[in-house]
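Student: Read off the chains here:
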Amino acid sequence: EAGVVQSPRYKIIEKKQPVAFWCNPISGHNTLYWYLQNLGQGPELLIRYENEEAVDDSQLPKDRFSAERLKGVDSTLKIQPAELGDSAVYLCASGVGTSGRNEQFFGPGTRLTVL
Amino acid sequence: ELKVEQNPLFLSMQEGKNYTIYCNYSTTSDRLYWYRQDPGKSLESLFVLLSNGAVKQEGRLMASLDTKARLSTLHITAAVHDLSATYFCAVDINYGQNFVFGPGTRLSVLP
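These protein sequences, in sequence, are chains U and R.
Mapping of the first sequence onto the working numbering: residues 1 to 115, in sequence order.
Mapping of the second sequence onto the working numbering: residues 1 to 111, in sequence order.
To be clear, the hints were calculated from the coordinates, so they are not data collected in a lab.
It is possible that part of the hints are untrue.
[Claimed, not checked] As a list, the in silico DSS-like pairs of lysine-lysine whose alpha-carbon atoms are at most 30 Å apart:
no., chain 1, residue 1, chain 2, residue 2
1, U, K11, R, K41
2, R, K41, U, K15
3, R, K41, U, K71
4, R, K17, R, K41
5, U, K62, R, K41
6, R, K56, R, K17
Predicted model, so just to flag it, every value in this text is computed and none were measured.
Model the full assembly from the supplied sequences, consistent with the hints where possible.
Tutor: This is the structure:
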């Protein structure tokens with residue numbers, strides 16, 4: 001079974017530029033999460049989707065971050081414009097739902113460097 | 001606000017020794033997860049603990065959950081170098097409404 005796929009794996013941009021990350025969850029997983037992980041810290045939730053609906057985006061800085069999950073499968077996270085402090089690893093995770101085990105499976109992440 | 005703490009944050013131990021990592025949290029929950037992360041890699045699910053008193057074991061690692069004490073432990077038996085990694089606990093309250101990770105414990109197992 002294929003895992004969560006993310007691209008690109010690495011991205012280097014200059015501040016004020018836009019950037020987008022893509023995530024393809026595990027087939028059949030209706031719940032999708034985007035996390036931000038700073039160096040030496042645990043992941044922090046940015047947004048959670050159930051199917052195509054964003055059910056928790058309270059931690060998403062909406063002035064510059066946006067996300068979408070069209071058709072309830074793939075998802076895109078965008079930053080526009082990027083700031084120096086956005087340098088981090090952006091992780092995507094998916095699961096079969098929040099009841100029961102609610103186990104999340106993580107992708108390899110996109111490491112963003114903003115210069 | 002849910003807070004998740006881990007102790008210790010850094011752990012250096014010799015091969016063959018035993019040790020325990022602690023994860024405590026501030027709000028009632030009966031679902032707790034342990035993940036492993038190698039440098040530059042993503043998170044790998046180790047254990048899913050879904051009830052008070054749950055105990056899971058895999059190889060040299062054993063995890064337990066005490067929901068009354070709001071405490072989970074990850075016990076390492078006879079450590080080997082391959083266990084060197086960062087270990088995160090994560091707590092889920094209200095069925096996914098709030099999923100919060102601890103800061104991680106960076107484990108180094110020395111020969």
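Student: Output the indices of the hints that this structure fails to meet, ascending.
Tutor: none
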